[in-house]
Amino acid sequence: MRCASILLISLALIHLGANRMASAQCRGNLQDLIQQCGKFVSIEGPQQTPSPECCGVVKGVDVPCICSHVPPQAEEIISMPKAVFVVAACGSPLPHGATCGSYTVPAI
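Mapping of the sequence shown onto mature numbering (1 follows the signal peptide of the UniProt record, and there is no 0): residues -24 to -1, 1 to 84, in sequence order.
FYI, nobody ran anything at the bench for these hints, they're computed from the structure.
Do not take every clue at face value.
[Unchecked claim] Below, in silico cross-link-like pairs of lysine-lysine (DSS-like), each with a Cα-Cα straight-line distance of 25 Å or less: (1) LYS15 / LYS58; (2) LYS15 / LYS35; (3) LYS58 / LYS35.
[Said to hold, decoys possible] Computed spacing ranges between beta-carbons, pair by pair: (4) ALA83 / GLU29: 26 to 34 Å; (5) GLY73 / PRO28: 24 to 32 Å; (6) GLN11 / GLY73: 28 to 36 Å; (7) GLY73 / GLN7: 24 to 32 Å; (8) THR80 / GLU52: 14 to 22 Å; (9) ALA83 / GLN7: 29 to 37 Å; (10) GLY21 / ALA64: 14 to 22 Å; (11) ASP38 / GLY73: 17 to 25 Å; (12) GLY21 / GLN1: 28 to 36 Å; (13) ARG3 / ALA64: 17 to 25 Å; (14) SER68 / GLN11: 15 to 23 Å; (15) PRO57 / SER27: 17 to 25 Å.
Even for Gly, the Cβ is constructed at its ideal location relative to N, Cα and C.
Model the full assembly from the supplied sequences, consistent with the hints where possible.
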């Protein structure tokens, strides 16, 4: 639990700068995205199916827009392959060849 709290705080701090830009340009609540989906996209731990709460938030955000504003520092704690998995598992897959941060979605 302590690790999850530290992760959420770290995500929130890292996203403050990018969050302002993304919030102004992208649809959805980035803070809810961080809170509900943070544990599913952390570099640490195995890939997990996201919760219904996480998926509810994912469906309300502009994922491609948010992906275009991921700062390099965020990729030190967020697994971009897991993030792409989460959005796909929530029914909002990114197309092959799309980028999220520095990660390019591979062809199947």
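Hints, verified against the model:
1. Under the criterion of a C-alpha separation no larger than 25 Å, the hint pairing LYS15 with LYS58 is consistent with the structure, at around 10 Å.
2. Between LYS15 and LYS35, the direct Cα distance comes to roughly 17 Å. Compliance with the 25 Å bound is thereby established for this hinted pair.
3. Under the criterion of a C-alpha separation no larger than 25 Å, the hint pairing LYS58 with LYS35 is consistent with the structure, at around 16 Å.
4. Roughly 31 Å separates the CB atoms of ALA83 and GLU29, a value that falls within the hinted 26 to 34 Å.
5. The given range of 24 to 32 Å is respected by GLY73 and PRO28, whose C-beta atoms sit roughly 29 Å from each other.
6. Restraint check, GLN11 to GLY73: a C-beta distance of roughly 30 Å satisfies the suggested window 28 to 36 Å.
7. At roughly 29 Å, the beta carbons of GLY73 and GLN7 sit within the given window of 24 to 32 Å.
8. At roughly 18 Å, the beta carbons of THR80 and GLU52 sit within the given window of 14 to 22 Å.
9. Separation of ALA83 from GLN7 is about 33 Å and conforms to the stated range, judged on CB atoms against 29 to 37 Å.
10. Taking 14 to 22 Å as the suggested C-beta distance range, the pair GLY21 and ALA64 conforms, at roughly 18 Å.
11. Taken as a hint, the range 17 to 25 Å holds for the pair ASP38 and GLY73, whose Cβ atoms sit roughly 18 Å apart.
12. For the pair GLY21 and GLN1, the beta carbons lie near 31 Å from each other, so the given range of 28 to 36 Å is met.
13. At roughly 19 Å, the beta-carbon separation of ARG3 and ALA64 lies within the given 17 to 25 Å, and the hint holds.
14. In this structure, SER68 and GLN11 meet the distance hint of 15 to 23 Å, their C-beta atoms being roughly 18 Å apart.
15. Roughly 19 Å separates the CB atoms of PRO57 and SER27, a value that falls within the hinted 17 to 25 Å.
Hint compliance for this structure: no hint is broken.
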